[in-house]
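Undergrad: When you get a sec, could you build the whole thing from the sequences and use the hints?
Protein chains: 2
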Amino acid sequence: MSRADWIAVDWGTSHLRVWQLSGDQVFRQAQSDQGMGVLARAGFEPALLALVQDWLPEGQVTPVLACGMVGSRQGWAEAQYRAVPCTPLGDALAPAPARDLRLDVHIVPGLKQPRPADVMRGEETQVAGFLKRHPGWDGVICLPGTHSKWVHVSAGEVVSFQTFLTGEMFALLSEQSVLRHSLGGWDAAGFADGAAQGMERPERLMARLFTIRAESLLDGLDAGVARGRLSGLMIGAELAAAKPYWLGQRVALIGSEAVAQAYATALQALSVPVTLHDVTEMTLAGLCAARALLPKTEQPCVN
Amino acid sequence: MSRADWIAVDWGTSHLRVWQLSGDQVFRQAQSDQGMGVLARAGFEPALLALVQDWLPEGQVTPVLACGMVGSRQGWAEAQYRAVPCTPLGDALAPAPARDLRLDVHIVPGLKQPRPADVMRGEETQVAGFLKRHPGWDGVICLPGTHSKWVHVSAGEVVSFQTFLTGEMFALLSEQSVLRHSLGGWDAAGFADGAAQGMERPERLMARLFTIRAESLLDGLDAGVARGRLSGLMIGAELAAAKPYWLGQRVALIGSEAVAQAYATALQALSVPVTLHDVTEMTLAGLCAARALLPKTEQPCVN
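Heads up: the sequence lines are chains A and B, in that order. Under this note's numbering, the residues of the first sequence are numbered 1264 to 1566, in order. Under this note's numbering, the residues of the second sequence are numbered 1264 to 1566, in order.
The hints are simulated quantities; they were obtained by calculation from the structure and are not laboratory data. Being a predicted model, the structure only gives us computed values, none of them experimental. Careful, some of the hints might be misleading.
Treat identical chains as interchangeable: a pair holds within one or across any two.
For lysine to any residue, the following SDA-like pairs were computed, each having C-alpha atoms within a straight-line distance of at most 20 angstroms [claimed, not checked]:
id, residue 1, residue 2
1, Lys1375, Arg1336
2, Lys1375, His1444
3, Lys1375, Leu1484
4, Lys1506, Thr1474
5, Lys1395, Val1514
6, Lys1559, Arg1464
7, Lys1375, Leu1480
8, Lys1506, Glu1466
9, Lys1375, Asp1485
10, Lys1395, Ser1417
11, Lys1559, Ala1361
12, Lys1506, Arg1464
13, Lys1506, Gln1460
14, Lys1506, Glu1463
TA: Encoded structure:
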C-alpha cells in the first residue's frame, strides 16, 4: 500500500474539511467549523494544523491543495480570479505562505465574469471534479446552496455563470423574519405549489411572502406547507430568472442531498432532465484534478 | 385650559408611544422601547404605567385607547380582526384587563382580508386619521415601513389591501447577508437606477442581488450606489407587484420621512401623483377619531 503524499482541503466561509491522500486514494479525513468567516489571516495555518498536525511526517514537505473562500481577499492568501470563458482550473495555483516548513500550500483560483458581474470560489473545483468524472460533457451545472450558481459548460470550459442569493435569503426569511412564527417541518406538496407559483409569476414573489403569514394567522395554515411554499416560491423565482440557463438543456445538480433534491423536483416539474451529484465527492474529485498543477518537488528534507 | 382626560397609545412590535390629551389637544408625550416583541402578556400594564404613572389622577378612571400589535394574540388582549370591506374603525373597541383601577384600556381592532389573505394592525388607525383630515378622499394609501401596506380606500371604506415584506427583507439583506460588506451610505442616482430596473424586470430581482456583491469585488462599486441600488431594486419590485393598486390612482404616502421619500421618488418617476403625510400625526389623528367609540363613563371615584 502506497504512502499518503498530499492533503486536499475544502475551505469555505463556515467549514473546513481535509483529506489525506495518496494519488486519488483517501486515507483519512477530518473537519472543523473554522471557516474563513471566523478567521483572521494569521488564523488559517493554526486552524489547518489543528486538523492535519499528525499527518505531516517530520523532515518532509507535504503538498496541500485548498479550494474555496480560503483564496479570497479575506482568506489565507488572495488567489486572483480567472476570467471566463476558461477551463475551470486553468494552469496555475496561488501559493499561500506557511511558517511550518512541512507545509507547501497552494490555492485554486476562483472565476470571475465581467458582465453581468459575478464571481465564484470553490464551485470551479466542483465543476472540474464533475468534468473529470464525465469527460466531454456539455450542458448546464446547477450548484444549489447558500449562493446557488448556474454554470454553462461547453467544450471543457465555463462559458458563463450566474449566482443567486436564494439560499441565504431563505435562511434569513425563515429564521429571522416575521415568517419564522408560521414555519416548521416540510410539506412536499406545499413546495411543489410554491415552486409552480414562483416560476409562473416571479414578479409577484414580494407580494406572496406576507400571504404565508396572513394565511397562518387567519386560516391556520400548516407550518410544513408554509415552509415548503416559501422554499418553493423562492426556488421557483430563481428558476424563472435562470431560464436562459436551463431551457432546452440537461442539468447536472451538484449539492447536498435535501436542497439538490428540491431543485431536482422543481426542474423535473418543468420537464428538464436532471442528474444529481454529491457535492463533497465532486469537490474531492476536483482537488485531485487540480493536483496535476502543483509544482513538482522532491519532498526534500528541511533541516 | 381644560384638564387632560384621556391617553392615546401607539404600541407596535418594537415601540411604545403615549400621549396625554384633552379632546384632540396634546398635553404631554412619552415613549419607550417596550414594544410587543419584548413583552409577555403580564408585562403590558407595567410597561404602560412606567410611562403614564404620573398622568393618572388618584380616585379617577382615565380612558386609555391603544392601537397596533398590542391587540394581537401575543399582545395585551386580542382584538379580533374586522373583515374588509369596512370602515377603518368600525363601531367597537376591545377591552384590555388592568389591575390598576385608574386605567380603563381599550384597543382598536386590526383588519383582515380573506383572499388574498392579509392582515393589518395599527395601519387602520393611520388610515382613519388620514380620512379624518381628508374627508371624502378616495384613492390609494401606501404605508411604507417594515411591512409596507397598499390600501384601496373608497367611500370611507377600506376596500382591499396588500402587504409586502420589502422593508424587513431590505434590513435583513443589508445588515446580515453577504451584501452587507458592499453597502454603506446612500446614493440617490443608484436608488433611481435600481428602482427602474426593479420595476421593469421584477422577475430578475433574485438575479440582480448578487451582482451588487460581484460589482463591488470586481469593479469597486461605490457603497452608497450599492445601497441605493439594493433599496431601489426591492422597492421597484414591490411597485411592479402593486401596480393594480397605483395605476391611474393618486397615492397618499404615510410613513417616516426617509422611506416615504424613497417611495415618493420611485412613484413620481412613474408619473403617479403622490402626497406625503407624517405617520405619527396620522396615528394620533386616528386615535382621536377612535375616541368616539369609547364607552361613555362618568369617570367615577374608585375607592
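Undergrad: So, for every hint listed, does it hold in this structure?
TA: These are the hints, each one checked on the structure:
1. Proximity of Lys1375 to Arg1336 under the C-alpha cut-off of 20 angstroms is restricted to the intra-copy arrangement: shortest distance 14 angstroms within a copy versus 50 angstroms between copies.
2. With identical chains, the CA atoms of Lys1375 and His1444 are at most 20 angstroms apart between copies only, with a shortest distance of 18 angstroms across copies and 39 angstroms within one.
3. Taking CA atoms no more than 20 angstroms apart as the test, Lys1375 paired with Leu1484 passes between copies only; the shortest distance there is 15 angstroms, against 43 angstroms inside one copy.
4. In the homo-oligomer, the alpha carbons of Lys1506 and Thr1474 lie at most 20 angstroms apart only across protomers (17 angstroms), although the nearest pairing inside one protomer, at 26 angstroms, exceeds that limit.
5. Taking identical chains as interchangeable, the C-alpha atoms of Lys1395 and Val1514 lie at most 20 angstroms apart only when both belong to the same chain, with a minimum of 17 angstroms there against 59 angstroms between chains.
6. With identical chains, the CA atoms of Lys1559 and Arg1464 are never at most 20 angstroms apart, being 55 angstroms at best within one copy and 51 angstroms at best between copies.
7. Taking identical chains as interchangeable, the C-alpha atoms of Lys1375 and Leu1480 lie at most 20 angstroms apart only when they sit on different chains, with a minimum of 10 angstroms there against 45 angstroms within one chain.
8. For a Cα distance limit of 20 angstroms, the shortest separation of Lys1506 from Glu1466 qualifies both inside one copy, at 14 angstroms, and across copies, at 11 angstroms.
9. Taking the shortest Cα distances, Lys1375 and Asp1485 sit within 20 angstroms of each other only across copies (19 angstroms), while inside one copy they are farther apart (42 angstroms).
10. Proximity of Lys1395 to Ser1417 under the C-alpha cut-off of 20 angstroms is restricted to the intra-copy arrangement: shortest distance 14 angstroms within a copy versus 65 angstroms between copies.
11. For a Cα distance limit of 20 angstroms, the shortest separation of Lys1559 from Ala1361 inside one copy, 18 angstroms, qualifies, whereas the shortest one across copies, 81 angstroms, does not.
12. In this assembly of identical chains, the alpha carbons of Lys1506 and Arg1464 lie at most 20 angstroms apart whether taken from the same copy (13 angstroms) or from different copies (14 angstroms).
13. Taking the shortest Cα distances, Lys1506 and Gln1460 sit within 20 angstroms of each other both inside one copy (15 angstroms) and across copies (18 angstroms).
14. For the homomeric pair Lys1506 and Glu1463, the shortest alpha-carbon distances inside one copy (12 angstroms) and between copies (18 angstroms) are both at most 20 angstroms.
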